[in-house]
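**Q** Model the placement of chain V with the ligands on the given structure of chain C, informed by the hints.
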Amino acid sequence: MSAIANPYAESVELLRVDDIEVIYDSAVLAVSGVSLTVPKGAIIALLGANGAGKSTTLKAISGLVRADRAEVSSGSIHFQGQMSTHTPPHVLVQQGIVHVLEGRHVFAHLTVEENLRSGGFVRRPSRQSLQAGLERIYTWFPRLKEKRKVQAGYTSGGEQQMVAIGRALMTNPSMVLLDEPSMGLAPLIVQEIFEIVSQLNEKEGVSFLLAEQNIPVALKHAHYGYVLETGKIVLSGTAQELLQNTALQDAYLGKKQ
Amino acid sequence: MEFFLEVLTGGLLAGLMYSLVAIGFVLIYKASGVFNFAQGSMVLFSALTFVSLLERGVPFWVSFAVTLLTMIALAWAIERVVLRPLVNRPPITLFMATLGLSYIIEGVAQAMWGAQVHGLELGISDAPLEIGGMLLSQFDLFSAATAGILVLFLSLLFNKTRIGISLRAVADDQLAALAVGIKLQRIWMIVWAVAGFVGLVAGLLWGARLGVQFSLSLVVLKALPVLIIGGFTSIGGAIVGGLIIGASEKLAEVYLGPIIGGGIENWFPYVLALLFLLVRPAGIFGERAIERV
Ligand SMILES: Nc1ncnc2c1ncn2[C@@H]1O[C@H](COP(=O)(O)OP(=O)(O)OP(=O)(O)O)[C@@H](O)[C@H]1O
Ligand SMILES: [Mg+2]
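Top to bottom, those sequences are chains C and V.
Numbered per my numbering, the first sequence spans residues 1 to 257.
Numbered per my numbering, the second sequence spans residues 1 to 293.
This is chain C alone, in the form it adopts within the complex (with noise of 0.2 Å):
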């Protein structure tokens, strides 16, 4: 992967969402009409408040809402202009779709490395290419490196978060849906965590679609950013306009912080 100085350079679409309805238990209508787009090499941020339907969103995407009693009843989801609507979880994370859940989700018995390494068996990758895997998140998160034989489980919130960010990066993924990864972390654990997102969009060109309802962070960090509310998305534009934009403002920033 190469360097990608500004991610609208190219512009090519990885990912297209079109009108999509997600219906939980064949009741719960979740989600509908939403659209959206991840360009190659951008950070996306969804936002939102509780229940507003951010988790849900990146569940379609990744295919994990079958697991939760859940289908996309309509509309049509494209990664890298192939149809991936119904696509199960393990092929869309070989083509290079991976969903850091939110919550963190670590295997808690198993060690920081296992937990590593058990996100690189997807591609069967030899020995040494699973090590060099493992050598270059460690590279990223060098904590995790001293942690590496501690059951995850016993290690803090904010190197859990790293867990699982490291975890999916460990399937090569062109794109990460990273559900609400400021959730319940110190502020200081929160930056350097984003931080660490922007650098990896920058030099290896992973692109982020990201939920948060810290809607600060997540646009200091984010190019461009989509506001769900209810279900819908109510409001799109570049990080800086909807920084700028009062009625945001008055919704959500006036309440978080």
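Calculated directly from the structure, the hints in this document are not laboratory data.
Virtual Cβ for every residue (Gly too), placed ideally from N, Cα, C.
Heads up, a few of these hints could be off.
Distance windows between CB atoms, simulated [as the list claims (entries may be wrong)]:
(1) 148(C) <-> 236(V): 18 to 26 Å
(2) 76(V) <-> 198(C): 42 to 50 Å
(3) 88(V) <-> 132(C): 49 to 57 Å
(4) 132(C) <-> 92(V): 39 to 47 Å
(5) 3(V) <-> 148(C): 50 to 58 Å
(6) 82(C) <-> 122(V): 36 to 44 Å
(7) 65(V) <-> 83(C): 40 to 48 Å
(8) 132(C) <-> 127(V): 52 to 60 Å
(9) 274(V) <-> 183(C): 38 to 46 Å
(10) 185(V) <-> 139(C): 28 to 36 Å
The calculated lysine-lysine pairs, modelled on DSS-like cross-linking and capped at a C-alpha distance of 25 Å, are [to be verified]:
(11) 220(C) <-> 203(C)
(12) 149(C) <-> 40(C)
(13) 160(V) <-> 183(V)
(14) 220(C) <-> 232(C)
(15) 160(V) <-> 40(C)
(16) 160(V) <-> 149(C)
(17) 145(C) <-> 203(C)
(18) 232(C) <-> 40(C)
(19) 145(C) <-> 160(V)
**A** Frame of chain C; chain V with the ligands shown alone:
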């Protein structure tokens, strides 16, 4: 004192036979949260298949290999026909499904091989061996060694291989496992196949001891107290649970038997298990959720 040690050691060795059955439960419970009632039928089915092949003149290792392949095919079929359609259903549904499965497996076994009792000769004599002044059953020593090798094999599988790490990942968090591209269905099939292999080993040893017959599937009843004491999620727990049950039931039989009356061996493990339930519901080694966040 010498007599006490002899009873204790004999009990410990015999207890490992229970552990063998319990391990099959632990594997499946860990990976999918299902209490597999059909484990006993799998023990029976494998022993019956093996002994029937043997009786038809098939050499020992060929019979073993064919039975193992049959168990793998069974695991594949169970994953396809039972587990996959029931994914995301509550554990009680899956438990009921395995209950049904146990009768189907027994029915198929009967249809294939008939209902008569078969003797199974593994070529290990049951004559006692004198070790350090104690008389120990050779057969018990052999099955204890087998249990040891099996546990070693499983711990290598779980801790050193990619499949093992994926298996433990699925046991910890299915959604996260899916999110990094692990194929749940493949993992489930592998777990059931490994549980089938463990069932085969248990089936051969139990079959050699009790004869291969339909009541063999009732060995699950001996494994239950072991699971309660050792915990449903730990192979080490299954071993320790087996040792505790084996030792205590023999000691109870010998020392309490004459006072309370014979047959104590049959119900004493359950008394012990109930006591454990009151004191330590997750079992000695049962995995508790790691609380710290
Ligand atoms: N497993 C589920 N079963 C039924 N309904 C669900 C489920 N998960 C989410 N929902 C519903 O879907 C809607 C959107 O939820 P979602 O989790 O996508 O929101 P969110 O924006 O991620 O919120 P949060 O910031 O709290 O994570 C909510 O109304 C929620 O009640
Ligand atoms: Mg959410």
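**Q** The structure should be examined with respect to each hint, and the outcome stated for every one.
**A** Each hint tested on the structure:
{"no.": "1", "hint": "148(C) <-> 236(V): 18 to 26 Å", "result": "holds (23 Å)"}
{"no.": "2", "hint": "76(V) <-> 198(C): 42 to 50 Å", "result": "holds (46 Å)"}
{"no.": "3", "hint": "88(V) <-> 132(C): 49 to 57 Å", "result": "violated (37 Å)"}
{"no.": "4", "hint": "132(C) <-> 92(V): 39 to 47 Å", "result": "holds (46 Å)"}
{"no.": "5", "hint": "3(V) <-> 148(C): 50 to 58 Å", "result": "holds (51 Å)"}
{"no.": "6", "hint": "82(C) <-> 122(V): 36 to 44 Å", "result": "violated (56 Å)"}
{"no.": "7", "hint": "65(V) <-> 83(C): 40 to 48 Å", "result": "holds (45 Å)"}
{"no.": "8", "hint": "132(C) <-> 127(V): 52 to 60 Å", "result": "holds (57 Å)"}
{"no.": "9", "hint": "274(V) <-> 183(C): 38 to 46 Å", "result": "holds (43 Å)"}
{"no.": "10", "hint": "185(V) <-> 139(C): 28 to 36 Å", "result": "holds (35 Å)"}
{"no.": "11", "hint": "220(C) <-> 203(C)", "result": "holds (18 Å)"}
{"no.": "12", "hint": "149(C) <-> 40(C)", "result": "violated (35 Å)"}
{"no.": "13", "hint": "160(V) <-> 183(V)", "result": "holds (19 Å)"}
{"no.": "14", "hint": "220(C) <-> 232(C)", "result": "holds (23 Å)"}
{"no.": "15", "hint": "160(V) <-> 40(C)", "result": "violated (37 Å)"}
{"no.": "16", "hint": "160(V) <-> 149(C)", "result": "holds (14 Å)"}
{"no.": "17", "hint": "145(C) <-> 203(C)", "result": "holds (21 Å)"}
{"no.": "18", "hint": "232(C) <-> 40(C)", "result": "holds (24 Å)"}
{"no.": "19", "hint": "145(C) <-> 160(V)", "result": "holds (19 Å)"}
Hint compliance for this structure: hints 3, 6, 12 and 15 are not met, and every other hint is.
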